[in-house]
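Asks: Protein chains in written order, with the numbering used here: chain A, 23 to 427; chain B, 23 to 427; chain C, 23 to 427; chain D, 23 to 427.
It should be emphasised that the hints constitute simulated quantities derived from the structure, not laboratory data.
Any given hint could turn out to be false.
Same chains, same label: a pair holds when it works inside one copy or across any pair of copies.
As the list claims (entries may be wrong) - Each computed EDC-like pair below joins lysine to aspartate or glutamate, with the alpha-carbon atoms no more than 16 Å apart:
1. 153 <-> 243
2. 223 <-> 48
3. 296 <-> 116
4. 296 <-> 174
5. 397 <-> 65
6. 153 <-> 127
7. 296 <-> 117
8. 153 <-> 116
9. 153 <-> 29
Protein chains: 4
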Amino acid sequence: MVSAEIELRGHIIDSFILPRVWGAIEEAGAHFHVREMRIGQSETEPSYARIEVSAESQRLLDDLIPELQRLGADLAEVQNARTALVTQPGVLPDDFYSTTNLPTEVRVQGEWLPVANIEMDVAIVIDHSAKLAYTTPMHEVRIGDAVVVGYEGVRVEAQERPRQREAFGFMQSPVSSERAKALAIRDVASAMVAARQHGGKILWVLGPAIVHTAARGSVAELIRRGYVQVIFGGNAIVAHDVEAAMFGTSLGVDLKTGEPVEHGHRNHLRAINKVRSLGSLEAAHAAGLLGDGIVAASLEHGVELVLAGSIRDDGPMPGVITDSVVAQGQMREATRGVEVAIMAASMLHAIATGNLLPASVRTVVVDINPAVVTKLADRGSAQVMGLVTDVELFLSALVDALPTT
Amino acid sequence: MVSAEIELRGHIIDSFILPRVWGAIEEAGAHFHVREMRIGQSETEPSYARIEVSAESQRLLDDLIPELQRLGADLAEVQNARTALVTQPGVLPDDFYSTTNLPTEVRVQGEWLPVANIEMDVAIVIDHSAKLAYTTPMHEVRIGDAVVVGYEGVRVEAQERPRQREAFGFMQSPVSSERAKALAIRDVASAMVAARQHGGKILWVLGPAIVHTAARGSVAELIRRGYVQVIFGGNAIVAHDVEAAMFGTSLGVDLKTGEPVEHGHRNHLRAINKVRSLGSLEAAHAAGLLGDGIVAASLEHGVELVLAGSIRDDGPMPGVITDSVVAQGQMREATRGVEVAIMAASMLHAIATGNLLPASVRTVVVDINPAVVTKLADRGSAQVMGLVTDVELFLSALVDALPTT
Amino acid sequence: MVSAEIELRGHIIDSFILPRVWGAIEEAGAHFHVREMRIGQSETEPSYARIEVSAESQRLLDDLIPELQRLGADLAEVQNARTALVTQPGVLPDDFYSTTNLPTEVRVQGEWLPVANIEMDVAIVIDHSAKLAYTTPMHEVRIGDAVVVGYEGVRVEAQERPRQREAFGFMQSPVSSERAKALAIRDVASAMVAARQHGGKILWVLGPAIVHTAARGSVAELIRRGYVQVIFGGNAIVAHDVEAAMFGTSLGVDLKTGEPVEHGHRNHLRAINKVRSLGSLEAAHAAGLLGDGIVAASLEHGVELVLAGSIRDDGPMPGVITDSVVAQGQMREATRGVEVAIMAASMLHAIATGNLLPASVRTVVVDINPAVVTKLADRGSAQVMGLVTDVELFLSALVDALPTT
Amino acid sequence: MVSAEIELRGHIIDSFILPRVWGAIEEAGAHFHVREMRIGQSETEPSYARIEVSAESQRLLDDLIPELQRLGADLAEVQNARTALVTQPGVLPDDFYSTTNLPTEVRVQGEWLPVANIEMDVAIVIDHSAKLAYTTPMHEVRIGDAVVVGYEGVRVEAQERPRQREAFGFMQSPVSSERAKALAIRDVASAMVAARQHGGKILWVLGPAIVHTAARGSVAELIRRGYVQVIFGGNAIVAHDVEAAMFGTSLGVDLKTGEPVEHGHRNHLRAINKVRSLGSLEAAHAAGLLGDGIVAASLEHGVELVLAGSIRDDGPMPGVITDSVVAQGQMREATRGVEVAIMAASMLHAIATGNLLPASVRTVVVDINPAVVTKLADRGSAQVMGLVTDVELFLSALVDALPTT
């Protein structure tokens, strides 16, 4: 029998931290003994618990403790984080610490350092000389990097349940189409305005259905009003946006009548081919081919466009990054400073983005398919608001709900 | 080998009538021989075909011919309709003719009579003395009714494919959420206005999610503007509409904040109980309990409310018809004169209504679940427009798209 | 400021009872003060808490306390239940106590009586002379019935979270199609075998897709093996089961080839008409028309068939109860003694059944549409296992997983 | 007014070729005049039509004719195909001919040459000296390539509707979960056996849910029995297959109990990291880490694994191709010789594959989400059978339906 002592602090009961920690211990087949417990006497007082966790094997304990940390437990005995050096490029030490997307600190020479650029499922590298800690994805670690191993000296700030209803108070709610969307749209608008007031960036992840459904104009309007700083998308949304500008169709469907046009099947290929012949989206814009669509508005208003390709692409469009590791790297860079992320009618790009965002980014997932929303809203962040609704009508209502300035 | 001759007239090629007829013959294992064929030389000229259909057994032919009639074929040899008398109440003669929802005529004493009140899957009764033909559901036939049997002397007017895009030009389109909804909403609004201009009735079939999503105000507004003549619904929509008026919640969720309220769970029961104690919705309205909701607006503007109960109901509310056969009968009556039917967020009531409507009624099915839309849009009528979208946002946009007068 | 004292006992932390109670108090805008708290020191020791709940108005407190009871709280001050007499038939006293589906007791003359036939959203009637308490739906209360009002003297046994994985250990899991179904099927089979070993009844709620998908043979086989005591269904499943027996089709689709047969469209009407002419399903069985289908097997093995009609029905079939209140009453009766309930490819009947079942019945909801499963699994019972899977293949695998005896 | 003459031959009426051609002409706003028409007199005789198509502008006609070719029309006046030379690498001539996935021929120096490696939406390059024609994707054309432009000298073999039910007779049927799956599974098995008997390859496109649902064993069994020649997948399926072999979990869920294991969250990262440290999947197999999973069976039985990465990947696994254009190229190569393609629980990879496959490949799309099946089944090929069902149970039933040899 081996054991370790953990501590829990704060609103550990109504934030479900204590029961989840107990549940995790039991499910792992380990045991606990409460060493000390002070329960807040009313809803405003914090509580405290010191608990001994014991397990039959070190292996079991080593697996369990990081899980408890993720739930909000700290080790009672304070140690420095242990590190091991990388010996093969792109390969981590065996017992590397794998991050959550929650605010995290590591203890280096007796001091708690915040881990920079937190995201899920990556490693923590410590630069001992500069006293810095930062995340690094597996494939980017280099020989000699000091990677945190084990769980000692790592501290995660679990998210407590918010006390009052606020924007994003939806977050614990089950995702549902049977809820009043008007309220949710107002909340999203408020979060966007708040982010812009202190210069926080708003990130949009857009799927091609945005163009098929004629919501393209709403997105361009949001860009012009300053509510879009970064766009993540793929080859398709750009191809159809240019197709719409050049031919008035999206995947061959006339955007004015909703009817397929006979020759329309080829239009997105023609649009891609034309931009390829000119060499870049910028050149196509200079040539007046992009109309007043999403790409045109992005170029005019300095929106950062990160276009990540995939194996289903035709062409692809110039500007689309075909290597997924390179694309992921650029997306990672572009998420710095993002405070609100809105993922609309996108699955692949939305999931990829969700993996990169810290839990503190207010994230809205909008899709008409509840399976997509559930998949994205389930990815571990308490800050995700899932909206099962029609993206075209959502965007149109969001434009109406935002102040024009 | 037995055989019969059929005739096809009109735009039988581009309306897919001829190929469907041939296909049906082949799939049934029967054979055909073209006796005469005149093909229209251009898109404006009609065509004509006379075809001999032969089958190995009379049974097979008897099953096949009505199917071909449904597709638009007429028997070449003109006969009077045959009838058989009902000998058991509520039981049809064995080989009764089962209707489609298309305009139908029967030949009585050498004369083609239109069949009144056409709907799907019912029988045709002929009143020889009054020279009238009308549909009757199985359970309503009485001893002595002359019911049409076999297929001779029955003529169905198949629907041709429309030539140009028009309102409801969506109809052959696959149901999709990836289409521009703004266009479709404009089409629906036009059809509603057109119906009202010559006094045609607009029927709404409403599910309870209308109230949960706060779209209740939109429906009440449409009633006040005169775009609602008949409402079909169940116990739930009325219960939640009254709950919203009395407590500001719907199934216990606060409609202003979107948050569940603790005691809300009981509110719909309290609302039902209150109306039961007063005896009727009218009395509750007189007592000022219904606010400005759907029921209140309906009572004030003379909307015909047909409320059909089901086994999942609490209460039920006074006014809800608990016997399904009686309810079906009242719904059948109320569909007379309906020109536009809009089914929103409803499944049971929408399917029941779809079975009762003639194919000529312009029908819109709106639901966020594509499975529901497909199920309803598949029910045999070419006039159904399926819209996979958010009902709350759809209704709000529809109100905006309709003239105020 | 008014207040009341509540008590919590048992595994109130890891069963989430304490945090939920605190959360409910806060969300209601009320306050709490912990008067006494003893926390279990390890995973096997129970805990105890005595908490004062205070609110700004009696109304708020009166709404909150029943909610806390539902979560597992008891009033610290023990009183007898209060009752009020019914003065209008079918109408409850204003502040009637509305039940949960959890085991419930009421205190009568100092004694805790169990409430018989617990189900959700109904009233409790006390027979003081016989010292009995039982549930009664709103529409069945008669003048003079003593109905429990307020919340004093009512005690609800909240369900604790199970400690180990067991059959129905899935219950807290999110419903998902991305889980190993083979495990779940084994669990369902075990629960069925266990129920039968001590004579518990197994209830099946069946939708018509059972027949369309040819799973009809699997259900009949389960009946023959003794795993079906009660069936709830509607007009459609019986109509298609008889259609399959008489014509080899289901809604006109040939069950051997999967192809629509031309004349098949009428077959279910013919089947209904034939049974109507004979007068009953029993007579049709005697006439050899039912083959070896679900109805035939039910009649041969004494399965209780409760068929509840709806407004979408053709016919209907003899034996179908058209009045929804009568049908609900018969379903209520037939649920007595049920230990396992399996709802397959049904929505209306499944929801209606879910409302009637006590939380202690192990319930499985199987549907390929996640929306249906979520809707049913959300209805408040911890004992519901939701399975998003193909009903035909599920039934075939379940037959394989069950012992033959 | 400009015009061109087209010819139609074969079962042009019951294969819907003639009505579709007429419809396409009308929808484009063009006109037609029937010059000659011979209608088959019975279901076995072919028909013939010569039709003059006229339009108001050359542009409109140039857009319309390729569409009519796609539907099965040939130009009456036989010419050689026109070509234009590529002047920028990766950019096609403006009016390049964009392929369908149907068998296609081009006329070169008076001779009809088959177009090799047909797939959708690519260009045709003619090698005049070698008298060869083959498809080339846009980004692969090189300066000097002779690309077919316009529509003259191109002939497409439209697919006629099959006469009898056969394997893949489902193809015109609407995709539905309410159909008998047992029949469909038998058809798939027959098509697989038939393909193997003459050495045709079977391609599987697999999503990661295959491993989550424990269907991994079924796939490995199919590999061992020789029913898998090519697998397309991504990083996730390989990562979870190795995770399952190393830890018994998939995305942290224990495959034996269906329960999440506490530390499981990290397991797929550990698995990827381990394989990275060894350098390749082959090395991991040699080290005994892959158990009897999909990758192990693939390596042992010479299955061609094409793993295409995406931006959502962790790691990635050695062997995963991160550049989407390179991956698409390898997938393109690997589809040569494929006769049956089965896409299971995959969306991105399945759509990408669908774009590459000729219409003659018998393709089965299996997913529990009808939206995915519809999306894939809609992609233009008549040979696609869509099955809305549970992939785990489908695979298990398919293994049972296939002969063991």
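Asks: If a hint holds in the structure, say so; if it does not, say that too.
Replies: Each hint tested on the structure:
1. Taking the shortest Cα distances, residue 153 and residue 243 never come within 16 Å of each other, neither inside one copy (45 Å) nor across copies (53 Å).
2. When the C-alpha separation of residue 223 and residue 48 is checked against a cutoff of 16 Å, the pair qualifies neither within a copy, at 42 Å, nor between copies, at 34 Å.
3. In this assembly of identical chains, the alpha carbons of residue 296 and residue 116 lie at most 16 Å apart only when taken from different copies (8 Å versus 50 Å within one copy).
4. With identical chains, the CA atoms of residue 296 and residue 174 are never at most 16 Å apart, being 57 Å at best within one copy and 23 Å at best between copies.
5. For the homomeric pair residue 397 and residue 65, neither the shortest alpha-carbon distance inside one copy (33 Å) nor that between copies (33 Å) is at most 16 Å.
6. For the homomeric pair residue 153 and residue 127, the shortest alpha-carbon distance inside one copy (12 Å) is at most 16 Å, but the shortest distance between copies (63 Å) is not.
7. With identical chains, the CA atoms of residue 296 and residue 117 are at most 16 Å apart between copies only, with a shortest distance of 11 Å across copies and 51 Å within one.
8. When the C-alpha separation of residue 153 and residue 116 is checked against a cutoff of 16 Å, the pair qualifies neither within a copy, at 24 Å, nor between copies, at 58 Å.
9. Taking the shortest alpha-carbon separations for residue 153 and residue 29, neither the intra-copy value of 26 Å nor the inter-copy value of 51 Å comes in at or below 16 Å.
In summary, the numbered hints that this structure violates are 1, 2, 4, 5, 8, 9.
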